[in-house]
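Quick mapping for you: the protein sequence lines, in order, are chains A and B.
Every letter in the first sequence is one number past the one before it in our numbering, and letter 499, counting from 1, is 499.
Every letter in the second sequence is one number past the one before it in our numbering, and letter 342, counting from 1, is 1291.
No lab work stands behind these hints: they were computed from the structure.
Just so it is clear, CB atoms sit at the ideal spot from N, CA and C, and this is done for glycine as well.
Accuracy of the hints is not assured; some may be wrong.
[Claimed, not checked] Here are the simulated DSS-like pairs of lysine-lysine, each with C-alpha atoms no more than 30 Å apart in a straight line:
1) A:LYS125 / B:LYS1312
2) B:LYS1154 / A:LYS108
3) B:LYS1027 / A:LYS175
4) B:LYS1312 / A:LYS175
5) A:LYS86 / B:LYS1154
6) A:LYS213 / B:LYS1154
7) B:LYS1039 / B:LYS1154
8) A:LYS481 / A:LYS471
9) B:LYS1154 / A:LYS125
10) A:LYS491 / A:LYS481
[Unchecked claim] Restraint-style ranges between C-beta atoms, simulated for each label pair:
11) B:THR1298 / A:GLN179: 36 to 42 Å
12) B:SER1271 / A:THR218: 38 to 44 Å
13) B:LEU973 / A:SER418: 36 to 42 Å
14) A:GLY134 / B:HIS1140: 25 to 31 Å
15) A:PHE318 / B:LEU966: 40 to 46 Å
16) B:GLY1037 / A:TRP273: 33 to 39 Å
17) A:ILE324 / B:LEU973: 38 to 44 Å
18) B:TRP974 / A:TRP273: 45 to 51 Å
19) A:ARG214 / B:ARG1111: 50 to 56 Å
20) A:ARG214 / B:GLN1268: 30 to 36 Å
21) A:ASP256 / B:SER1271: 56 to 62 Å
[As the list claims (entries may be wrong)] Some chain B residues well away from chain A (every beta-carbon gap over 12 Å; in silico):
22) LEU967
23) VAL1094
24) THR1118
25) ASP1213
26) ARG1227
27) GLY1245
28) VAL1283
29) ARG1297
30) PHE1307
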Amino acid sequence: MTWARRTTFWRYNLFLEVVSLALASAILFAGIWFTLNRINQDYLDLRLADAARVHVFLESQLDEARAGLATFADLPATQRSPQVMKLFTAFSDIYCLDRALRVVQIHKAVPNSKVFTGFSFSGGKLASYLQSVGESTDASEILRGYEDDAPSVYIGIHRGDEFCMGRLNLDYVRKFLIQFSQFSGAPLMLTASDGFVMLSGDPALQLPAIDLKRWVETPNASRTLTTGNRRWIPLIAPTGAIGARIVMLVPTEFLDTQRNTLLAFGLAFMSGWFLLVVLKNHRLNRLVMQPLRAFAGKLRDLELGKLRTADADADQRFTELVEIHTRFRAMAEAIKQREQALRDSEKQYRIITESMKDVVWIFDMETRHFLYLSPSIEELVGVTPQDYLAAPFGALLTPQVTDQLQLLWGQRAAVLLSGGSKPGQSYVDEVLHPHRDGTLIWTEVVSTYWLNEETGHVEVRGVSRDIRERKQAQEALFIAKQQAEEANKAKSTFLSNMSHEIRTPLNAILGFAQVLIRDPHLTAPQRDSLTTIQRGGEHLLALINDILDMAKIEAGRMSVQVVPFDLIQLLSETEGLFQQRARDRGLNLTFALSAIPRGVIGDAQKLRQILINLVGNAIKFTRAGGIILKVEPAGAEQFRFSVNDTGVGIAPEEMMRLFEPFSQTASGRELQGGTGLGLALSYQFVRLMGGQLSAQSSLGQGSCFAFTLPLPAAAGAETGTDQARRAVLGLEPGQPVCRVLIVDDLPDNRAPLRALLESLNPQPPVIECREAADGREAVALWEAWQPHVIFMDMRMPVLSGEAATRRIKARAATRPAAVRSVIVALTAGAFDENREQVLASGCDAFTRKPFQAEELFGMLERLAGLRFRRAGDAPPPPDVSPEDLIRRLSASPADWQAEFKQAVGLGDFGHMEALLERIRDDDAILHETLARWAYDYDLEALAAVFKLG
Amino acid sequence: MTRRHVFWLALLVLLVLLAASLVLWRQFRSAERIPVGLVAWAASGAVVGSREWNAGDLFLEEHPNSRIRLLPLDDEWKPDKTAPVIQGAKDVGVRFFIATHPSNCAVVSLPLFADPGALLINLASTSPALSGQDDFFLRIIPDAVQEQQAIARYLHQLPGQRLLVLQDTGNPAYTDPAFAAFAAELAALGHWQIVHRPLRVTEFKPDDERPLMAEPFDALYILAGSFQTAIGNIAQLFHYLHPQAPILLTPWARSPAILETAGDAVDRIILPSPYRSRRQDPALDNYFRRFHARFGYEAHAMTIGVRQALELLDRAFAQGASEPLAVKRFLLSVPVHQTSLGPIAFDRTGDVGGSYSFITDLKQELQ
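In isolation and in its complexed conformation, chain B is listed as follows:
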């Protein structure tokens, strides 16, 4: 055999090895990761003491083989930024989103998910304006109507006649339809007289609100979301003036920061939530403990929804669905999705219904 033969033989062997390596690499390489934009408020942690992105980080750390590649998107929960942020992500090829922003942001971004170009799972926007549409905007929490009706029905069970309702004007997309639904339901149910007081929660001034609150009320309902800590200050003032009166909050106040700010009033706060209390749900309690161990703080309830949304997408991707249409079909085709933090059952338009828990032992929740 001449040296030329040896050279060509070596080259052939090299090529065969290269081809085999490519085949093996393609065969055994991890599935291509799919970018998922997590639309949240980057500074929320500094403001409300919890970050949704951390929930995403925890999920990926606990699911290293997941096909999800998380892409943090900060719309600062400002409606004017939400659509550009999402559109920018879509422009770079992101077709799946999870959003934690409030309803006023969701409403403006809704057109972006009218077609199969992108799919969004929302876990914090309860505006009824988002409900009942056969689009690619899915929502894993009940809408505000269901929420408020549940709260009204709960309140109806409480003694008293005069109810002070403080409606946050900072997020009218949520609070307006919510108050309407609440008021209608409560009116339908009977005995409570509502004193409606709109205010911007972030601009709460005790001296301004004290005269009204000093009036005789049997209960307070703070219709505000977005985990604003001032909710705790408001609750304290009311509790200071009416030590025995119950204080109802929305599910979007299930935040340790709010409860800590509430001081003694925490004993009178009633917290509605689509999720059960930590005491009642060991899985939820375990999740919060893991979260605290990893990031050093107590997370707010929105992290539960983030986790559930990620699990749904991961499951869809694992089933081979990698297009928004396929993912939607998969998610809607399964009657009930059992996530690690509770079941989710979509209706045909991608909305969910559900029951509410009313948590009263909030000191336990804070531990």
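Just chain A, with the same shape it has in the complex:
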């Protein structure tokens, strides 16, 4: 709550006192006024009643007079002697009148009466009375007597023919009035009906008339008349029998005295009160207000820092003030201590602020002036703080920066004021500040926005820092980054091109190899040759794939393909891959699986690749003993994979570079096999899949590679069928014709695929192939020929595979009767993102060049509904022990052995395959075993056999 008008307590108290005094005065004087009115009215009513009682006296007089006149009337004329008349003292005059109201006889008269025998009373009010005698009126009004102009009251009475009239002797009444007036102190008067005073109780009072109409109203102390130098309140009694108005003049002295007494009392009371108020306020001022003012002065001193807390306490009258004084001293002492602490703190901060290179400043958004600038501003921009503070905002900045800062700071201040941001929220800007020498300096401005509660202004508090070196470093870094990105881009382009350029011929090589190897009419040497070609191509392809994978990892473009898969099957297949080799080398390969689910979600391909690599290495570097692959749960939906071997182990100094690409351990270099990418890829794959591949090894004792992967359980894992693993012999006859369009700009790519597909045909053929050299030709053929399956190369001139796919899909969508062609993308691209892009264009499947026949057969089976004929399960590899193998090898021709061993030493697989063909018929088991190792390029196994042998 705020007061519109604020005043001092002393004034307010005085105001209240004056108001209460005025109010009390009003109440007191209203009470006095009311009391006076009441008393006066009662008093006047009492006096009026007294006046009215005079009528009683007058009526008694009148009754006596009436009785006397009756007695006179009854007297015989002879007895109305002067002596007898004197007895009728009630009358001053007695007449006998005739009917014309003329005086017939005067029986009694005042001396010097102007009435005479024959005098007529026929005029005026008396005549009216005399004419009504005997009816209702007992006496005439009081009037001036005809005899002597004296006040008179006449009474008339009829006795037979005689009409007697007497004039009352009012001397007794006059005396009564005088005595009554003297006794009561209130002159009593009898007036005629016209207000003229006939008899007065105070003859000295010169009051000839009373204005009856004016004074007949209810008497009031305020309505007075002045006569005889005194003020009177006229009281007019009701008319009585005598026909005169009784007027009582009540002197106002009594009422005045009464009023003055009460007023004096009231004034004295109020004066006393006033004096008390004055005295009280004087004391209040001295004992409370002055100490309070002194206290305010001390507060001011405290505010100005002049207060001496050592001052002695003032002698206070009231304990409250003493308490305030004491508390104030304590508070002042506390404030002093805090101020000292604050000063110390501020000093420290000032030292820090002024010694730091960064510029600390405060800016007032309202006045657009800096409130503070630390001295380091001079070092930063070459301008002293004083000059900077004196200069208007923007004078030392470039106009562009000034505008930007004003806009930016204004927006942030507005946000702060609107509640959009909290006070103190910091912002970081980089501002180009001109130096006095004309150069421009990059500064980093960290600013916060505050609302100054006292001024109501928004203040920007900030720190400006010289970031020239950082900016230079950033620029260098930026350039380096750009260069790196360009180099990376060039690398990617190179890899992509290389991938395309290598895969394209590999596609033809492997494609035709796969086609030719399917020819049942091949001789054994031909088959071996083709197998060698195929294996060499695949090895080359694997090498390229590893290099590409490594490049993709380095480029951050390797992604994880998370799909449900059968973990147990994957492990089983892996085991199947190595079991024979392990046996060949006389090793124990054990897969120890404990409580793992079948179906999990993850990247099966990479996991398989990791396990193949680790198990392959373990077998490769273990000469005796065994290898154990353990898979066990390691928490919620996490599984720990570990491969333990009893191999040669790894030296501690090599452990650091174990997972670096293209680095090989000493034992690896001894074997002269591998690219040095296996562990590096495995490490990266595990990392990509959310795990960490670790290795523990003791030289000569063995190694343990382990990792833990999150593999959430899947509702049902996609499992491979036995059929998938069996070789496709051809298409089942009797199926509907399947039109296959092969689109590729290179005939060398189209030809092997076409040959492969047509080699599957039974009689009559099921697959009918056509070729197109680009996308436009493909679209045209689709329109004309409506193929069921299209193998679409993506990278073609004229119209790319993607564009052609979109057109075909778009046209098919508008033509319900058209064949819904399955489009399989064939690409020689290096990176996985090509897959998403290709599938997004509308392709139904994606595969890389060189194509894998089994993969294509699977697609045709799955997408086009073709049914294949597959060979029965291949015979299990010969279960031969190392000793048996050595024995069989020893049994072979010696020259053959030497020639084969030389081929192994040279890594000449072609020669090895040729040599193996020579013993196929002599020792099929030995042939199969060595041929598989040669097929797998497992020089280690081969070398081990000969070393053992």
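Given the coordinates of chain A, assemble chain B onto it according to the supplied hints.
Relative to chain A, chain B alone:
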């Protein structure tokens, strides 16, 4: 704006308001009232049944905006008191007076109005001694000479030879020159033989006057003023002795009290008056009715003059004249002043002339 500024601004506004109020008050306040002393006999009402002061009260009640402030002055119609009373009033700043006293009072007060220090309008003093003087004593009734000549001329028209003239010795300043003028005029006119009897009317004793009145007279002229009720007693005695003889009174007997006292004699009374009878003058009749309604009694004729004098002064004050000289100039500059109770035309010395009515139907006058 600081509190100090607010304080000074408030003070300035207060002063401006005060000044404006003063200007407005001076502009719109009623004109200052001018005291007018009404010299009369306070007890006259109790004695003669009518009060001139009441006429003044009635005027002010009917003219609330009048600038006149009436100041009652009681000289008791006694010459020895008149001058001190008037001088006392002059001493306290009263400069205008209306007087109802008889001539003997007026004569002694005449020097008080020789200069412009004060102005008096007299309405009851007919002494010729007051006539023809260029002073500040104005008179709105004809003087006694004109009055008596008119009465003589009227009497001359009546049959008879022997006239009893009773001259009041209580006011010789009036009755002496009046009788002289009357006698001279009557003598000049011819046939009436005057039997002159001086007496103090207030001390009238029937037994003393009866022998003279019992003599054969054809008419009675009571040369008395001051509205003395004994005039009625005298008239009754004469009427009792000479029932058919006319009785002439002076204008200063036009009082209901006198006429009521006169009893049956009222039928034979002839009342000369500078004012017409109530029956003849509706304005006059209306005035008396208003007077009776207000004060409860029938007023005597002097109240007519009081009313006229007040109207003249009020008119002069309304014209802006507030000094005796200016008032006199105004009053004398207008040929005829039309008052509510009849015209008044001053001559250059502040006297008036005029005709007289002789009212015989006095019962009508009493109603």
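Each hint, compared with the structure:
no. : hint                             : result
1   : A:LYS125 / B:LYS1312             : 14 Å, holds
2   : B:LYS1154 / A:LYS108             : 16 Å, holds
3   : B:LYS1027 / A:LYS175             : 28 Å, holds
4   : B:LYS1312 / A:LYS175             : 38 Å, violated
5   : A:LYS86 / B:LYS1154              : 22 Å, holds
6   : A:LYS213 / B:LYS1154             : 37 Å, violated
7   : B:LYS1039 / B:LYS1154            : 41 Å, violated
8   : A:LYS481 / A:LYS471              : 15 Å, holds
9   : B:LYS1154 / A:LYS125             : 24 Å, holds
10  : A:LYS491 / A:LYS481              : 14 Å, holds
11  : B:THR1298 / A:GLN179: 36 to 42 Å : 56 Å, violated
12  : B:SER1271 / A:THR218: 38 to 44 Å : 40 Å, holds
13  : B:LEU973 / A:SER418: 36 to 42 Å  : 57 Å, violated
14  : A:GLY134 / B:HIS1140: 25 to 31 Å : 50 Å, violated
15  : A:PHE318 / B:LEU966: 40 to 46 Å  : 44 Å, holds
16  : B:GLY1037 / A:TRP273: 33 to 39 Å : 47 Å, violated
17  : A:ILE324 / B:LEU973: 38 to 44 Å  : 55 Å, violated
18  : B:TRP974 / A:TRP273: 45 to 51 Å  : 35 Å, violated
19  : A:ARG214 / B:ARG1111: 50 to 56 Å : 51 Å, holds
20  : A:ARG214 / B:GLN1268: 30 to 36 Å : 32 Å, holds
21  : A:ASP256 / B:SER1271: 56 to 62 Å : 37 Å, violated
22  : LEU967                           : 22 Å, holds
23  : VAL1094                          : 31 Å, holds
24  : THR1118                          : 17 Å, holds
25  : ASP1213                          : 5 Å, violated
26  : ARG1227                          : 17 Å, holds
27  : GLY1245                          : 4 Å, violated
28  : VAL1283                          : 34 Å, holds
29  : ARG1297                          : 38 Å, holds
30  : PHE1307                          : 20 Å, holds
The structure does not agree with the numbered hints 4, 6, 7, 11, 13, 14, 16, 17, 18, 21, 25, 27 stated previously, though it agrees with the rest.
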